[in-house]
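Protein chains in written order, with my numbering: chain A, 1 to 250; chain B, 1 to 357.
Note that these hints are calculated values from the structure, not bench results.
Remember, it's a predicted structure, so these values are computed and weren't measured experimentally.
No residue lacks a Cβ here, since even glycine has one placed at the ideal position from N, Cα and C.
Please note: incorrect hints may appear among the correct ones.
Stated by the list, open to error - With the C-beta cut set under 8 Å, the calculated list includes, among others, these residues of chain B facing chain A: (1) Phe37; (2) Leu258; (3) Gly265; (4) Ser268.
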Amino acid sequence: MSLFKRSGLILMIAMSLFSCKEDEVVECEGPVEMLRVTVQPVYGSEELYLDSSYVTVEGYDVRFTDIKFYMENPRNGSAQLIDAGLFDYRERGTLLLEAEGAYQNFNSINANLGVHSSINHNDPAAFDNESMLNISNSNDMHWGWSPGYIFMKVEAKVDTIADGNPLFDHNVVFHIGMDENFQTLTFPNVTWSDLGTAHEFALKLDMYNFLQNGAVTIDLKNEYTSHTAPGQEVLSAKVISNFRDALTPL
Amino acid sequence: MKYLILIFGVAIVILACKKEKVEYVQTPYELKIPSHFPTMIIPEDNPMTVEGVALGRKLFYEKKLSGDNTQSCATCHAPSSAFSDPEQFSTGIDGLQGDRNSMALINLGWNTSFFWDGRSATLEEQIIQPVINPIEMHEEWKNVVSKLNADVNYRNMFFKAFNSSEIDSLNSAKAIAQFLRTLISGSSKYDVMYKYQNGFSLSASELAIYQTITLEEWSGYDLFASLNGADCFHCHNGPLMQVQKFSNNGLDATFTDLGRGDVTGNPSDFGKFKVPTLRNIAYTAPYMHDGRFGTLDEVIDHYSHGIEQSATLDPLIEYAFQGGVQLDAFEKNLLKQFLLTMTDESFVNNPDFQEPQ
Numbered sequence: 001m002s003l004f005k006r007s008g009l010i011l012m013i014a015m016s017l018f019s020c021k022e023d024e025v026v027e028c029e030g031p032v033e034m035l036r037v038t039v040q041p042v043y044g045s046e047e048l049y050l051d052s053s054y055v056t057v058e059g060y061d062v063r064f065t066d067i068k069f070y071m072e073n074p075r076n077g078s079a080q081l082i083d084a085g086l087f088d089y090r091e092r093g094t095l096l097l098e099a100e101g102a103y104q105n106f107n108s109i110n111a112n113l114g115v116h117s118s119i120n121h122n123d124p125a126a127f128d129n130e131s132m133l134n135i136s137n138s139n140d141m142h143w144g145w146s147p148g149y150i151f152m153k154v155e156a157k158v159d160t161i162a163d164g165n166p167l168f169d170h171n172v173v174f175h176i177g178m179d180e181n182f183q184t185l186t187f188p189n190v191t192w193s194d195l196g197t198a199h200e201f202a203l204k205l206d207m208y209n210f211l212q213n214g215a216v217t218i219d220l221k222n223e224y225t226s227h228t229a230p231g232q233e234v235l236s237a238k239v240i241s242n243f244r245d246a247l248t249p250l
Numbered sequence: 001m002k003y004l005i006l007i008f009g010v011a012i013v014i015l016a017c018k019k020e021k022v023e024y025v026q027t028p029y030e031l032k033i034p035s036h037f038p039t040m041i042i043p044e045d046n047p048m049t050v051e052g053v054a055l056g057r058k059l060f061y062e063k064k065l066s067g068d069n070t071q072s073c074a075t076c077h078a079p080s081s082a083f084s085d086p087e088q089f090s091t092g093i094d095g096l097q098g099d100r101n102s103m104a105l106i107n108l109g110w111n112t113s114f115f116w117d118g119r120s121a122t123l124e125e126q127i128i129q130p131v132i133n134p135i136e137m138h139e140e141w142k143n144v145v146s147k148l149n150a151d152v153n154y155r156n157m158f159f160k161a162f163n164s165s166e167i168d169s170l171n172s173a174k175a176i177a178q179f180l181r182t183l184i185s186g187s188s189k190y191d192v193m194y195k196y197q198n199g200f201s202l203s204a205s206e207l208a209i210y211q212t213i214t215l216e217e218w219s220g221y222d223l224f225a226s227l228n229g230a231d232c233f234h235c236h237n238g239p240l241m242q243v244q245k246f247s248n249n250g251l252d253a254t255f256t257d258l259g260r261g262d263v264t265g266n267p268s269d270f271g272k273f274k275v276p277t278l279r280n281i282a283y284t285a286p287y288m289h290d291g292r293f294g295t296l297d298e299v300i301d302h303y304s305h306g307i308e309q310s311a312t313l314d315p316l317i318e319y320a321f322q323g324g325v326q327l328d329a330f331e332k333n334l335l336k337q338f339l340l341t342m343t344d345e346s347f348v349n350n351p352d353f354q355e356p357q
């Protein structure tokens, strides 16, 4: 081997030694399985859009402007999906909650419509930032410490005068909370759809049924406001129980 | 052999030589968040640092951000007015005026949208706009960058804040955003009332303030939060005294300014504007998106008797059918007394928020 070749070889070895760098070992984890629960608002057989007109049984035109509710502690036995989901149709669309988990663990779900009294009156700023119960996320769904959270909220504008003039000047406000109105939800046979990147359990919220729950009707002309205040107990109970019954698997 | 050793030596030197990058280690900035406030979410790409806040503060008061070097952010967001403008409409460098009142910059770190119409989703995004707005500072960012680059002090400050001597609009906005996130107001008489009502322990100084709360102020608080009183709390509550939403609060039956509707194009958003905080309201006159009300009395009169019906009127204004909540003169005065408890002198006069010398 000539001197030139030998020196070239040494040089290459030297370069290799200096350029070699130990690669960082990356430990691979399996893909995180995501579970989503969605709620599609409908009005009878049609999809419901905010600010669009629908006709009530009484013949009034109603435009829903806000639909929100808390689903707290969705669980199957001791397995909890998430601490709380917040449905906010205007701001978050149909998403109620998204959490890591194995769908096989949730073939049945029990949950709370509202926030259980054990945490309803806690400091809303003290929940984790990611929690929908944190005051930054609850936003206008928190009344203050003493009354706690608004469990469900429906706001709407109604045209109660069938004169062809769509005024929609009749305001509907249902803000239901307080421990005595706490409700439970049970979905015994949960079917998860495989979306590829996540599994989804889809619910529907039928606002027609909300107003017309069998014989238990809400006439928006006469029953249009409840803030769960004293004197509004009967309407508050009717509103939240109708809301609970309107929420079913899609 | 000598050549071989020489080549080998040179190769080693070349390979071993590596340009050392000079790095500056920033000091994390600890926000002074009141105990009854939620945690502030800081964007991952813009962590709070002492150097970033200092730069942002300097930039906030920097007139080079405007086309003729006469206006800074503070021109329309004066500390003495709780970082708002006492004029109905701010006047830009060309003598032009907009049609919306300059918003107060208070507790912005907890806001989820910016501008009256919410067209910016982040503070960083919002800060870019007034500089290039032709009726405001009317400047191009490339010129601003050039002006700042000519100042060695700024080059040093940018380097310390971002580990890069490159000055650009994004880093400028990030620095100003860091400063704005420090503008926290949570030390008013209202805060003591809120903490007392919700069972927080009060410090000695807060207890002293508590002793000064008048019966009128407590009564005004009751009215403020009462469904059958002034009913303000649906949109203004909690430690921030605002909820994050857009609302048509009954100012007009028809709209000359579509507000949020201009951004979304959705007719159901016509006439809606961002709900502002009521903190330091005594300092933030005039009021409403167009600054139409010069005094708190006018504001209270509006909600009491002046509500205008329209298709997008917020359903929460439940007494709209009778023009408002119908407060009498005595109640109006109580409500005003409560509104004044939201004045936070330590915020307005905070030396850390003033123009750096």
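For each hint given before, does the structure comply? Return the numbers of the non-compliant ones in rising order.
Hints 2, 3 are the ones this structure does not satisfy, whereas the remaining hints hold.
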